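Student: Chains A and B are the protein sequences, given in the same order.
To convert, note that position 180 of the first sequence is 180 in the working numbering; the numbers rise steadily by one, no gaps.
To convert, note that position 15 of the second sequence is 15 in the working numbering; the numbers rise steadily by one, no gaps.
Source of the hints: derived by calculation from the structure; they are not laboratory data.
On a predicted model such as this, the values are computed, not experimentally measured, just so you know.
Hints are supplied without guarantee of correctness; some may be wrong.
Because identical chains share one entry, a pair is satisfied inside a single copy or across any pair of copies.
What the hints assert, rightly or not - Taking lysine to any residue and the SDA-like style, the derived pairs with C-alpha atoms no more than 25 Å apart in a straight line are:
#  : residue 1 : residue 2
1  : K87       : Q176
2  : K87       : D157
3  : K60       : P108
4  : K112      : N20
5  : K87       : R10
6  : K87       : R27
7  : K87       : R133
8  : K174      : Q136
9  : K60       : N120
10 : K174      : M192
11 : K174      : E145
12 : K174      : D157
13 : K87       : A139
14 : K112      : R198
15 : K174      : Q97
16 : K87       : Q128
17 : K174      : E142
18 : K87       : R43
19 : K60       : M71
20 : K174      : H119
21 : K112      : F144
22 : K174      : L23
23 : K112      : W131
24 : K174      : N54
25 : K174      : T117
26 : K60       : P177
Protein chains: 2
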Amino acid sequence: VEAISLPPWRSALARALHRNRSLVYSRYAQLATVAGDGRPHNRTIVFRGFGEGNRLHDLKFITDQRSEKMMQLQANSWAELCWYFPKTREQFRIAGQCTIIDAMYPNPTDQKSRRITWHNLSSAARSQFAWPRPAQDLASPEAFESDDLDPNQPLDDFALLYLNPIQVDHLELKGQPDSLYPQSRCRYSLEMGEWRQRSVNP
Amino acid sequence: VEAISLPPWRSALARALHRNRSLVYSRYAQLATVAGDGRPHNRTIVFRGFGEGNRLHDLKFITDQRSEKMMQLQANSWAELCWYFPKTREQFRIAGQCTIIDAMYPNPTDQKSRRITWHNLSSAARSQFAWPRPAQDLASPEAFESDDLDPNQPLDDFALLYLNPIQVDHLELKGQPDSLYPQSRCRYSLEMGEWRQRSVNP
Chain A
1 VEAISLPPWR SALARALHRN RSLVYSRYAQ LATVAGDGRP HNRTIVFRGF GEGNRLHDLK
61 FITDQRSEKM MQLQANSWAE LCWYFPKTRE QFRIAGQCTI IDAMYPNPTD QKSRRITWHN
121 LSSAARSQFA WPRPAQDLAS PEAFESDDLD PNQPLDDFAL LYLNPIQVDH LELKGQPDSL
181 YPQSRCRYSL EMGEWRQRSV NP
Chain B
1 VEAISLPPWR SALARALHRN RSLVYSRYAQ LATVAGDGRP HNRTIVFRGF GEGNRLHDLK
61 FITDQRSEKM MQLQANSWAE LCWYFPKTRE QFRIAGQCTI IDAMYPNPTD QKSRRITWHN
121 LSSAARSQFA WPRPAQDLAS PEAFESDDLD PNQPLDDFAL LYLNPIQVDH LELKGQPDSL
181 YPQSRCRYSL EMGEWRQRSV NP
């Protein structure tokens with residue numbers, strides 16, 4: 001049995017999540033993508049944990065197939081997540097490529113994750129996928145009413161979004177008790193399949 | 001005297017700032033830019049208010065000339081700010097082009113703003129501009145020690161960054177008391193010099 005070694009930034013991120021767990025919104029982060037015209041876009045998304053199977057190191061999010069970021073990611077799969085933790089005053093910038101697991105995606109493990117993730121959503125979160133198309137002219141209020149959706153059957157527009165990191169920049173604005181530095185910053189990068197880390201100037 | 005009409009999203013943003021004022025970090029937002037290779041980048045920045053003179057509608061930030069975002073913005077001036085307010089559970093996505101006011105920028109009003117902004121920084125915030133070059137291999141701790149800098153003389157690497165909005169997307173996750181909708185979302189866009197607004201599906 002091969003031991004699975006976690007990327008070195010994972011323990012720092014796990015610690016940040018733990019120490020900020022009293023704030024619901026410490027699981028919110030901002031995902032930047034690029035549109036076809038070369039302009040950046042940026043929105044808040046909710047971290048849903050890490051992936052399963054061969055996606056153990058990928059960050060998992062959910063998305064609506066009809067959202068504008070889907071078209072952007074189809075043209076350019078690169079993204080950077082900026083994740084600020086208010087309580088501990090630290091920031092992770094996580095860059096990598098995204099993969100979308102929609103209803104058509106062929107891999108059975110990924111489809112199982114998609115079903116489980118759908119199942120574990122709150123009823124309110126599921127119902128958003130039955131709402132009218134996002135960012136279109138506002139529909140009538142009735143269009144936003146829906147009965148509880150089947151927790152065992154994801155709607156077609158429900159997709160998983162995985163971010164596969166190749167670089168992580170971790171900045172701590174608080175001086176650390178054992179450090180001579182006012183702030184600390186570490187850059188992790190995946191090179192030839194190995195994670196390297198170096199301390200850099202904040 | 002011509003009345004200066006504020007863009008219609010300004011009152012919504014002012015209200016969010018006011019209602020979240022107990023959280024220091026409600027003035028932090030994430031700025032997305034695009035690098036020369038077409039990949040997005042994203043980092044937390046601190047809102048410093050609106051501009052002066054002919055920049056009354058621009059959002060003001062400060063930046064270090066040596067930071068990576070400077071090279072990115074020189075190649076592609078488009079940016080999108082994502083600003084989430086935790087207390088009121090609302091998000092502003094503000095897209096536009098950026099202008100950098102560095103030590104060489106010729107406009108006297110802008111240079112005056114640059115001097116005033118420098119003057120109003122805390123001593124700790126000013127000292128960061130005397131630190132070694134960001135994101136380079138970590139220098140010795142002594143390189144981060146500095147005497148108090150002259151509040152009347154900005155360092156050369158200190159610059160203002162203005163974001164000039166052309167589109168604002170305002171999403172309120174909390175249902176409003178007077179609304180039939182579970183969430184509300186409004187898109188403002190500058191068209192032929194006029195701000196238009198429309199309600200869209202969240």
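Student: Run through the hints listed earlier and report the numbers of any the structure violates, in increasing order.
Tutor: Violated hints: 2, 4, 7, 10, 13, 14, 15, 21, 24, 26; rest satisfied.
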